[in-house]
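Protein chains: 2
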Amino acid sequence: MEQDFLDWLLPRLPNDPRLEVGPGDDAAVLRPPAGRRTVVSVDMLSEGVDFRLGPECHPRQIGHKGLAVGLSDLAAMGARPEAAVVAVCLPRVGGGALARDIAAGVAALAATFDVAIAGGDTNAWDGALVVSVTVLGSVEPGHCWRRDGARPGDAIIATGRFGGSILGRHLDVQPRCREAAWIAARYPVHAAIDVSDGLSLDLARMMKASGTGALLDLAAVPIHPDAARLSLADGLGALDHALADGEDFELLLTLPSAAAAELLAARWPFPVALTRIGTVTAGQGLSTRAADGSEVPLAPRGFIHAFAD
Amino acid sequence: MEQDFLDWLLPRLPNDPRLEVGPGDDAAVLRPPAGRRTVVSVDMLSEGVDFRLGPECHPRQIGHKGLAVGLSDLAAMGARPEAAVVAVCLPRVGGGALARDIAAGVAALAATFDVAIAGGDTNAWDGALVVSVTVLGSVEPGHCWRRDGARPGDAIIATGRFGGSILGRHLDVQPRCREAAWIAARYPVHAAIDVSDGLSLDLARMMKASGTGALLDLAAVPIHPDAARLSLADGLGALDHALADGEDFELLLTLPSAAAAELLAARWPFPVALTRIGTVTAGQGLSTRAADGSEVPLAPRGFIHAFAD
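Chains as they are written, first to last, in my numbering: chain C, 10 to 318; chain H, 10 to 318.
Calculated directly from the structure, the hints in this document are not laboratory data. It is possible that some hints are incorrect.
Copies of one chain are not kept apart here, so a pair can be met inside one copy or by any two copies together.
[Said to hold, decoys possible] Pairs of lysine to any residue residues, derived as SDA-like cross-links and limited to a Cα-Cα distance of at most 25 Å, are as follows: (1) K217 / M10; (2) K217 / V305; (3) K217 / A315; (4) K217 / W17.
Bound-form chain C, shown alone (with noise of 0.2 Å):
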């Protein structure tokens, strides 16, 4: 029953002085900080798609890649995590061990990144896992990093390494807010998004807003060792996962070319590694550079969400 987990978990939740009114009411209200703006991103993972429920996905997982796909959004625009609230629908057999396993993931990670869980929302249904979260941040006036941002010469900067998360980081995700607040303190970001569907789709989508295109560095691309293991099993090339896996949730930033290089020599405090991938253009789409020195297109690619009419 939906009040026997509410009886569980409430008095889990911890007190967060961000909260005037917790979880259990209507509605929560919350301290919102003096001066900045509020970041707001919902993410939807459901059953089969996001999740496959078995030895490889424990129930916390779930919770875990719910909240942390959230704060990869929050990251990307340069804001600092808040509050969350989550909604799940429940199978109406286990619903109940893996309403709390959830909540124990999601409250985890809630901990790590200061995240106060505000409220939720609770069903059950004949159909299978569905799981929404909904992030609140807070940034600075004008601060934040949209993705409509870059200006032709700007470089392109990664965080981590990309390809094969499939192989069970995309249910580890691990969300880059810290890096991101270490780099909006000092460096002048154009532009930045996460990468959820595939480098060179989230890359092209960037470009797009920004109404630029971009010169790729394919032999600077960071290929995650899952892309090569991935490679060995389906004989892709790990590059090729790389660029078009979806789930990394690295960010791609571009900012000056100067800042980009004092911000590559810096101490950077983080074991996550920074890498330049490439240069914003005047141009339209993704290029790279053949072996003769001439610019050819790339093709984006990455996953997409298909419904037919």
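Knowing the structure of chain C, use the given hints to seat chain H on it.
Just chain H, lined up with the frame of chain C:
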């Protein structure tokens, strides 16, 4: 495809001065109203539980209902609606048309209540339709209506009439935001809740949260004509439907008896009824008066989200 839907949707969404960054980026950026708290609530609706697609339910109504139940939560906090984000899991076939109809239903109600559509998430899967709406509102610090503030002696006031919403009203939810704002500006409301799961069940929840009981005047409970119609069909009493049916989305408020009398005598500018249906007591649970004048317990009944461990 998701992109086709976004290409259709984004140009149709009105600009809103509350949005520093609107839909289409990794997250939206809102300008929160100065000096106010942020109120947040999430609700998830699923096919077969909250609606059944078919001749009696147009997909536009699902969008309407999704936003309306969230706005009802804001009304129950005495909060002013500000913004909403909407996530959907669409069936793969027909998902595009569904998404556009749902968006149209959301947008129409958003325009009515001056809500900025800040963003969303569009997914497709092999399951049935799921819609999740997160609403953001605002309220003055310390002025929200909690459900735990009822005091013995308070009058219990209800908006509207109860029962039989399943005959169609449950899709045509009219959130009581304007009524709540009017009352909040004039009267000292101690506690409030909206009736989503049943008048007696939600009243019992508010009383439990407040550490109080309620003496209900059953003769005063406003019975909706739908409850009487349903009663003819199923043989249950109309009052039973009024007390136990879910999804009325009316408000229950407690306030000092004298203030309640003033409210009931005031020039109330809305067509919806306001009725005193009982009194908060120092006891526990719900009770009513038998014909001989003695107090007898009344078991709360309503809709329970049922799932097994």
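Structure-based check of each hint:
1. For the identical chains of this complex, K217 and M10 are inter-copy neighbours only, at 18 Å across copies versus 47 Å inside a copy, given an alpha-carbon limit of 25 Å.
2. For the identical chains of this complex, K217 and V305 are intra-copy neighbours only, at 18 Å inside a copy versus 68 Å across copies, given an alpha-carbon limit of 25 Å.
3. In the homo-oligomer, the alpha carbons of K217 and A315 lie at most 25 Å apart inside one protomer (21 Å), although the nearest pairing across protomers, at 46 Å, exceeds that limit.
4. In the homo-oligomer, the alpha carbons of K217 and W17 lie at most 25 Å apart only across protomers (17 Å), although the nearest pairing inside one protomer, at 47 Å, exceeds that limit.
Of the numbered hints listed earlier, not one is contradicted by the structure.
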